[in-house]
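Participant: Each chain is listed here by its residues.
Number of protein chains: 2
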Amino acid sequence: MKIYETALAPNPRRVRIFLAEKNIPMEYVEVDIAAGENLQDDYKKKNITTKVPTLELDDGTCIGESVAICRYFEELYPENPLMGETPLEKAQIESWQRRVELHLLFPVAMCFQHLTGYFKDRMKPRKEWGQDNVKLTMDFLATLNDRLAESTYIAGEDFSIADITALCTLDFARVVKIYPQKEHSHLIRWYELVKSRPSVSA
Amino acid sequence: MKIYETALAPNPRRVRIFLAEKNIPMEYVEVDIAAGENLQDDYKKKNITTKVPTLELDDGTCIGESVAICRYFEELYPENPLMGETPLEKAQIESWQRRVELHLLFPVAMCFQHLTGYFKDRMKPRKEWGQDNVKLTMDFLATLNDRLAESTYIAGEDFSIADITALCTLDFARVVKIYPQKEHSHLIRWYELVKSRPSVSA
Numbered sequence: 002m003k004i005y006e007t008a009l010a011p012n013p014r015r016v017r018i019f020l021a022e023k024n025i026p027m028e029y030v031e032v033d034i035a036a037g038e039n040l041q042d043d044y045k046k047k048n049i050t051t052k053v054p055t056l057e058l059d060d061g062t063c064i065g066e067s068v069a070i071c072r073y074f075e076e077l078y079p080e081n082p083l084m085g086e087t088p089l090e091k092a093q094i095e096s097w098q099r100r101v102e103l104h105l106l107f108p109v110a111m112c113f114q115h116l117t118g119y120f121k122d123r124m125k126p127r128k129e130w131g132q133d134n135v136k137l138t139m140d141f142l143a144t145l146n147d148r149l150a151e152s153t154y155i156a157g158e159d160f161s162i163a164d165i166t167a168l169c170t171l172d173f174a175r176v177v178k179i180y181p182q183k184e185h186s187h188l189i190r191w192y193e194l195v196k197s198r199p200s201v202s203a
Numbered sequence: 002m003k004i005y006e007t008a009l010a011p012n013p014r015r016v017r018i019f020l021a022e023k024n025i026p027m028e029y030v031e032v033d034i035a036a037g038e039n040l041q042d043d044y045k046k047k048n049i050t051t052k053v054p055t056l057e058l059d060d061g062t063c064i065g066e067s068v069a070i071c072r073y074f075e076e077l078y079p080e081n082p083l084m085g086e087t088p089l090e091k092a093q094i095e096s097w098q099r100r101v102e103l104h105l106l107f108p109v110a111m112c113f114q115h116l117t118g119y120f121k122d123r124m125k126p127r128k129e130w131g132q133d134n135v136k137l138t139m140d141f142l143a144t145l146n147d148r149l150a151e152s153t154y155i156a157g158e159d160f161s162i163a164d165i166t167a168l169c170t171l172d173f174a175r176v177v178k179i180y181p182q183k184e185h186s187h188l189i190r191w192y193e194l195v196k197s198r199p200s201v202s203a
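So the protein sequences, as listed, match chains A and B. Note that the working numbering has the first sequence beginning at 2, numbered continuously upward. Note that the working numbering has the second sequence beginning at 2, numbered continuously upward.
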């Protein structure tokens, strides 16, 4: 069993932290996305969308998409749950996980793709759209700060996959010079709390 | 228990079809997003991101995000599973569900937001980015057609939430004049199959 990934990208890090939280050992194989290794036929056979990470099981079965990989291990090893236990907990964690993806991870990805030119060999950066996403990101940091004024972690009183997604996004957002601001005191309190977990260095 | 939604929008339809497949009765309350009813404080208290749909339980607890609402009912009523049964099935359905969201639903939403001007009172449409997304959408229709050459439904041999997401997106894509093409014969075969389910009129 192994995971094909790009160590510096935010999505693979989500999976690494998830597995570290659950003490699941894993072999990692580096894919050079800057050089377009993921666009080659060999990789495309493992993952039709060419994205990283991809989990390859010992029988050759492949699973793409970070959260689908996390789901696989959460279902196999439900101890130390990161996606909830009751139907309501599972729904509330999925709700916050998706909000963080839609309103933080995706806007930050848009900033990265449209403001840095990192993938300009394979897409046309649209600078104005990138700048729009700086504002969308900052708006959501304020929303998240409000949420964290009333809740220890993002989805409630327990650490969850939603916290992992938000942490990986905030750390990656530095590349496009986006940071929590002084007035986001609850967000900063949460960041320090989450940052102290040993799993974050995975 | 009730769901606040906008009947014509694609995300609420995903939830209606999901509930119809599982024979779960529901009260629906219409929210006029064109008039900005979702941006009012009353609605924002139910759903901090102001999106539709929102599930409100009898005790006032609210759950936002379509797939989180589906997850709640899948966990409560696992009969007629639409999100898989084994860890591997759950992961593969989640993988395809997310691919359809990331590479079909979101690009079509970008086309809608950036080419029609529907929300121009609350965002600046970026026409070039809208046009880029027409191409991204067409590229993924070809990927999906390849997938459906080897699989009855999108995530495998069983109908799942991934099919619901793709159907709702394709039907909504007509608004921006995007349709499967003649060469997408496997996609068209799948569309006719899925379209014949009674739940699609929900």
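Keep in mind that the hints were calculated from the coordinates and are not lab data. Any given hint could be a false lead.
For identical chains, the list gives no copy identity; a pair is met inside one copy or between any two copies.
Derived DSBU-like pairs: lysine-lysine, alpha-carbon spacing no greater than 35 Å straight-line [as the list claims (entries may be wrong)]: (1) K46 to K136; (2) K183 to K47; (3) K47 to K178; (4) K46 to K3; (5) K3 to K128; (6) K23 to K128; (7) K136 to K183; (8) K121 to K196; (9) K47 to K23; (10) K125 to K23; (11) K121 to K23; (12) K3 to K183; (13) K183 to K45.
Quantities reported herein were computed from a predicted structural model and do not represent experimental measurements.
Participant: Okay, which hints does this one fail, numbers in order?
Facilitator: Hints 5, 6, 10, 11, 12 not satisfied by this model.
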